[in-house]
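2 protein chains.
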Amino acid sequence: MMPESRTVAIVGAGLVGLGWALVFARAGYVVRAYDPSEEVRGRIMSQAEDSLADLREVGLLNDPQAALSRLSVHDTLAGAVEGAFYVQESVFETVEVKTAVSLELDAVIGAGTLVGSSSSGIPASRFTEQCAHRDRFMIAHPVNPPHLVPVVEIVPAPWTATEGVERVVALMHEVGQVPVRLAREIDGFVLNRLQGVLLNEAWALYEDGIASLADIDATIAHGLGMRWSFMGPFETIDLNAPGGIEDYAARLRGLYADMVRTPPRGPWPDEVIAKATRERRAALPAEDLADRRAWRDARLSRLVAFKTSQGLSD
Amino acid sequence: MMPESRTVAIVGAGLVGLGWALVFARAGYVVRAYDPSEEVRGRIMSQAEDSLADLREVGLLNDPQAALSRLSVHDTLAGAVEGAFYVQESVFETVEVKTAVSLELDAVIGAGTLVGSSSSGIPASRFTEQCAHRDRFMIAHPVNPPHLVPVVEIVPAPWTATEGVERVVALMHEVGQVPVRLAREIDGFVLNRLQGVLLNEAWALYEDGIASLADIDATIAHGLGMRWSFMGPFETIDLNAPGGIEDYAARLRGLYADMVRTPPRGPWPDEVIAKATRERRAALPAEDLADRRAWRDARLSRLVAFKTSQGLSD
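In the order they appear, the protein sequences are chains A and B.
In terms of the UniProt record's numbering, the first sequence opens at residue 1 and continues consecutively.
In terms of the UniProt record's numbering, the second sequence opens at residue 1 and continues consecutively.
Hints in this document: simulated from the structure, not taken from any laboratory.
In this text, all values refer to a predicted model and were calculated from it rather than measured experimentally.
Among the clues, some could well be false.
[As the list claims (entries may be wrong)] Listed below are the simulated EDC-like cross-link pairs for lysine to aspartate or glutamate, each with C-alpha atoms no more than 20 Å apart in a straight line: (1) A:K275 <-> A:D208; (2) B:K275 <-> A:D247; (3) B:K275 <-> A:E246; (4) A:K275 <-> B:D247; (5) A:K275 <-> A:E287; (6) B:K275 <-> B:E207; (7) B:K275 <-> B:E287; (8) B:K275 <-> B:D208; (9) A:K275 <-> B:E287.
[What the hints assert, rightly or not] Not the full set, but computed from the structure, chain A residues with beta-carbon under 7 Å of chain B: (10) A170; (11) L224; (12) R253.
All residues carry an ideal CB built from backbone N, CA and C; glycine is no exception.
If we strip away everything but chain A, and leave its shape as in the complex, we get:
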């Protein structure tokens, strides 16, 4: 069972940490945030206010003021963590920084407090080994921004206690995220492995001149990505053959095996990246990247509202 405390701590309050603060605050939790940068700390409240207003505008939140009132900013890590039963750590992603912050957390967390790291690629075993309470550290990897994209990968280190993993999975369900539980550590976890294979193939097709960057993008945005926005690849193929997944596999696994590139292509080549950069910058000048990100998040928030209205949000 969860401790009585309804307090969580946010350690590292850049874009990812801020999104996490919104996730917990809107779900009714008291959220205590800390970031090592004074500048970042100084803008947390106003950024949160703006984002909560955006959520209200698309119908995803009734009372932004109530959510905001549950959020506070603290000048020290120890101050933020005080009374928290769960810490979401979202600091800069290097082994050195993650190790230092984990040791700092290890020294101040209360009895039973659990720590989830937003690490997108480095497994917890690489930065929590020296922690006295290492059995309470794990990965809780979101997609950015976490208050709009609900999936979160829960990845235990070899020494993480199963009970703690189960508590964090339950917590994520309770706050409206969609936790995905990995049995053990693997490079890239599940999400970035799936993204990685698709990106590697997309780069190879582009390198070989099969299609333009824009056309490869269209294949996903106006094709595969539409079903995938509300059902995964296994359910998709289960519905794509008369007899379900087994029937689909019997018909097509040979085709898919034949498509595998052997030997595998190496890292994306410099000159191909340079060509792709020219194609993207012609479509979207560098100075418009920030506006396009805001556009993306606005579309994402409306997609979330749409999925919610259709009963597709979990």
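With chain A fixed as given, assemble chain B onto it according to the hints.
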């Protein structure tokens, strides 16, 4: 330029061919449909009427009766093709069947008439070599159902005339599809190569016990698939690093290269398919597959209406 004719022919009117009939009829074209099966021919009009009513219900079509009045069913292939400037062929996908139908079309199509095959994997060079007018045959591969998922891959055979490819690309734009133009034939084209690499990795993760089928699905449906439903993988990474695609590549191509399975995994093993089948059938009994497909298409049609309302449909 397009011929004066506003008539297209549908050859093969199963689910894919029927969807194509709706695409052209709602766009104002006269559509003449043929299927070798009398039973299939007998249900085309009522199926089209139902689907056009569904499109109206979600706000994607104003006048279903007008669209239906442009559609007719013919008892012979030659009869359907009469007067058509474009033929969309969607017959059963084997080299033998495609070859026979292509030769039949070759003998009756008018001067300048173009033929696109809905083939999802067999390239046109494998079934049009013997055609006298083989320079007018190509692949026009949709996602099912084509009236809801707009992408269509245009793939020339080595002998397909470029002018004809350009006409079909223009036609697809005009009827509201999103054509993706491939420079040349490649196994699986673009769409199924991208789907294939992701499926192969998903099966491998499942085989290794990293996560459940449902959790791997959730990683896409509540994670990666959300952005991919309105922007492709290249635009996604372009927006996911401060300096755009080049910056993203510099940071992460090494990580993605390290994830490649070497040697590649073979075809999905029988026992893994059997296990996955049990997991899927526990989640969705076989007798509910048809209902779930109807549910999927209803959600897809509402997603299309949502994307249209957000300016995301092309």
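- Query: Under the criterion that the straight-line Cα-Cα distance not exceed 20 Å, is the pair K275 of chain B, D208 of chain B satisfied?
  - Reply: holds, 12 Å
- Take a quick look at whether K275 of chain B and D247 of chain A sit within 20 Å of each other, Cα to Cα. holds, 14 Å
- May I ask you to test the interface hint for R253 of chain A with respect to chain B, counting a Cβ-Cβ separation under 7 Å as satisfied? Holds. Min distance 5 Å.
- Query: Should the interface hint for A170 of chain A be scored as holding, given a Cβ-Cβ cut-off of 7 Å against chain B?
  - Reply: Not OK, violated: A170 of chain A not within 7 Å of chain B, min 15 Å.
- Item | Hinted pair K275 of chain A and E287 of chain A, Cα distance within 20 Å | With Cα atoms ~19 Å apart, K275 of chain A and E287 of chain A stay inside 20 Å; holds.
- Query: Is the hinted pair K275 of chain A and D247 of chain B satisfied, with a Cα-Cα distance of at most 20 Å?
  - Reply: Answer holds: K275 of chain A to D247 of chain B is near 14 Å, not above 20 Å.
- Item | Supplied contact hint for L224 of chain A, tested at 7 Å Cβ to chain B | Cβ of L224 of chain A sits 6 Å from chain B, so the hint holds.
- Task: Compare the distance between the alpha carbons of K275 of chain A and E287 of chain B with 20 Å, and conclude whether the hinted pair is satisfied.
- Result: violated, 50 Å
- Query: Is the hinted pair K275 of chain B and E246 of chain A satisfied, with a Cα-Cα distance of at most 20 Å?
  - Reply: holds, 10 Å
- Task: Assess, step by step, whether the Cα of K275 of chain B is no farther than 20 Å from the Cα of E287 of chain B, and give holds or violated.
- Result: holds, 19 Å
- Query: Does the alpha-carbon distance linking K275 of chain B and E207 of chain B stay inside the 20 Å limit?
  - Reply: holds, 9 Å
- Given the hinted pair K275 of chain A and D208 of chain A, is their alpha-carbon gap at most 20 Å? Between K275 of chain A and D208 of chain A the Cα gap is close to 12 Å, so the pair holds against 20 Å.
In summary, the structure is inconsistent with hints 9, 10 from the numbered list given earlier, while agreeing with the others.
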